[in-house]
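*Asks:* Residue numbers (the working numbering), protein chains in the order written: chain A, 1 to 258; chain B, 1 to 225.
These are computed hints drawn from the structure, not numbers from a lab. Please read these numbers as outputs of a predicted model, since none were measured by experiment. Ideal placement from N, C-alpha and C gives every residue a C-beta, glycine not left out. Treat the hints loosely; a few may be bogus.
[To be verified] Chain B stretches covered by chain A per the calculated footprint, using a threshold of three residues with CB under 8 Å from any CB of chain A: (1) 33-47; (2) 59-73; (3) 82-90; (4) 206-220.
[Said to hold, decoys possible] Okay, derived cross-link-like pairs now, SDA-like style, lysine to any residue, Cα gap no bigger than 25 Å in a straight line: (5) B:83 with A:238; (6) B:83 with A:234; (7) B:161 with B:63; (8) B:150 with B:201; (9) B:83 with A:240.
So you can see what is in the structure, the chains are spelled out below.
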Amino acid sequence: MKPPSTEKRDGPRGRWQGWQWGQRDDLTLSEVGHILRERSAVVVGCTLFFLAVALLYGLSRESVYEAEAMISVRLDKEGIGIADNFEEILLGLRNSGAMSGLPEEAAQRAGWEAGPLDFDQRLEWERVNDEEVAVRFSGPTPEAAARAANAYAEVFVERIGELKGRLAGGTVAVDAEIEQPAEPPEQRSGLWAFIAAIAAGSGLLIGGLGALFLESRARRWRGSRDAELTLRAPVLGVIPDYSDDLSDGFLSREGGAG
Amino acid sequence: MNPEGNVAKTSVADARDAGGWIARTRRLFVSDSEVGRSFAALAENLDSLGRSTGSVVITGPQRGVGRTTVCIGLGAALAAAGKQVAVLDCNLDRPHLHLCFDRPNFIGLTSALEGGRDLENYGFDAAPNLRIIPSGPVSRISWTLANLPKLVGAVRALEEKRDVVLLDAPVADEVLAAPNLWSSFGGVLLVVHAASTPKGVARGFTDALLDARVNLFGVVLNGHV
């Protein structure tokens with residue numbers, strides 16, 4: 001709705017009052033505050049609901065901590081640029097017969113009770129450069145993740161040691177060592193606070209919007225203050241409902257005629 | 001004048017409700033009741049706007065909010081305060097001011113407009129200083145723009161004799177359909193019902209009235225529990 005022009009309101013009769021001048025299309029902070037106070041049950045209820053959902057989600061979801069061990073792998077192949085073939089040789093190493101049963105052994109060494117398949121699924125390899133490989137393990141606790149990553153790195157290095165001189169028909173010399181064992185990652189104590197803040201914020205936002213919607217459709221006026229804030233106009237009178245005062249009981253319309 | 005037309009317009013339901021309206025109307029004249037004091041406060045607030053209110057259009061966002069009740073109650077309070085008041089039924093599609101006093105609607109506003117006569121000569125005195133002017137027969141006169149200048153002129157003439165003229169107007173969307181007419185009067189009081197008027201609707205009409213450059217005096221909250 002387009003606001004009326006101030007030119008006309010200043011009109012020849014000069015009868016316009018200050019409250020009639022203001023921009024009326026926008027919701028003011030005082031109006032929002034009034035509605036939120038009046039509908040605080042909706043806002044609080046919505047916020048609590050979102051917090052409860054966040055709590056249930058957090059409880060049902062396993063925490064994931066990722067620990068990383070760094071392995072140094074040195075290859076020496078006469079007459080061939082190692083850098084060009086590092087990826088290929090690494091793949092060969094992982095797929096070679098000497099590496100079979102590696103996850104099982106690592107899982108056993110790390111005390112991983114969920115089995116080697118689950119252990120293998122949580123494991124991730126990444127070539128960092130031509131000499132380094134990162135082994136990452138995702139576990140439910142920082143300690144378990146670090147223990148598993150280190151166990152895998154240890155078993156891998158041991159198996160490489162057993163392969164010396166046997167890779168690529170004896171033409172490639174390979175050596176590996178744990179360059180940096182995995183450290184337990186830090187406990188994410190702020191995560192719960194973050195989730196709670198997101199949930200509370202969402203609850204406040206949706207609850208607030210719900211309160212505004214309900215208020216616009218409400219038919220119950222709480223008094224002159226409520227009417228003044230809602231209509232942004234002065235309330236000149238509040239007439240009580242007097243239908244109950246009538247003794248003849250012959251009323252069929254609430255609020256009287258008109 | 002056509003009394004038959006008036007009878008036809010007065011429905012059976014209206015006649016049945018008339019007893020209730022009369023009982024309610026009687027309460028509006030009891031000045032020491034809570035309702036009477038509320039109307040006295042409203043009259044005082046209206047008077048304290050700091051200028052001559054002249055003619056006051058009383059409308060509402062919807063039917064049943066108590067426009068006529070507020071007209072009568074406010075009129076009674078102003079009259080009790082010593083003002084010369086006239087209440088004019090402008091609800092030509094559904095007049096019922098006369099029903100509140102158990103009076104016929106044979107003559108009134110439409111009669112005056114048709115005959116070009118002074119409104120002061122029509123209606124009846126409900127109390128000292130308080131003149132009630134019913135709508136009059138509505139079957140032969142339509143609420144057309146052609147009649148609007150006549151209404152403005154008749155009310156202006158009435159203002160010469162009365163301190164305050166209260167116009168029991170149609171609902172706000174009908175007022176907004178003819179903003180030039182209703183903005184010709186002193187100002188508008190918007191009546192909202194505390195238990196039945198949707199807030200969003202009331203806010204919309206308040207904004208729309210101001211956008212239509214109607215001089216809105218303020219709001220009356222009726223039926224507050």
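*Asks:* Are there three or more residues in the segment 82-90 of chain B whose C-beta lies within less than 8 Å of some C-beta in chain A?
*Replies:* This one is violated; 0 residues, fewer than the three required, reach chain A with a Cβ under 8 Å.
*Asks:* Count the residues of the segment 33-47 of chain B with a beta-carbon closer than 8 Å to any beta-carbon of chain A: does the count reach three?
*Replies:* holds (count 9)
*Asks:* According to a criterion of three or more residues whose C-beta lies within less than 8 Å of a C-beta of chain A, is the segment 59-73 of chain B covered?
*Replies:* Result for this restraint: holds, n = 11.
*Asks:* Would the pair residue 83 of chain B and residue 238 of chain A pass a check requiring their Cα atoms to be no farther apart than 25 Å?
*Replies:* holds, 21 Å
*Asks:* Checking one constraint from the list: CA of residue 83 of chain B to CA of residue 234 of chain A, max 25 Å. Satisfied?
*Replies:* Given pair residue 83 of chain B, residue 234 of chain A holds - Cα atoms ~23 Å apart, limit 25 Å.
*Asks:* What's the verdict on residue 150 of chain B and residue 201 of chain B, does the C-alpha distance respect the 25 Å limit or exceed it?
*Replies:* The hint is violated at about 31 Å.
*Asks:* Do the alpha carbons of residue 83 of chain B and residue 240 of chain A lie within 25 Å of each other, as the hint requires?
*Replies:* Status holds; Cα separation ~24 Å.
*Asks:* Just to be careful, I want the Cα atoms of residue 161 of chain B and residue 63 of chain B compared with a cutoff of 25 Å; is the pair within it?
*Replies:* Roughly 30 Å between the alpha carbons, so the hint for residue 161 of chain B and residue 63 of chain B is violated.
*Asks:* Does the segment 206-220 of chain B contain three or more residues whose Cβ lies closer than 8 Å to a Cβ of chain A?
*Replies:* holds (count 13)
Hints 3, 7 and 8, counting from the list given before, are not met by this structure.
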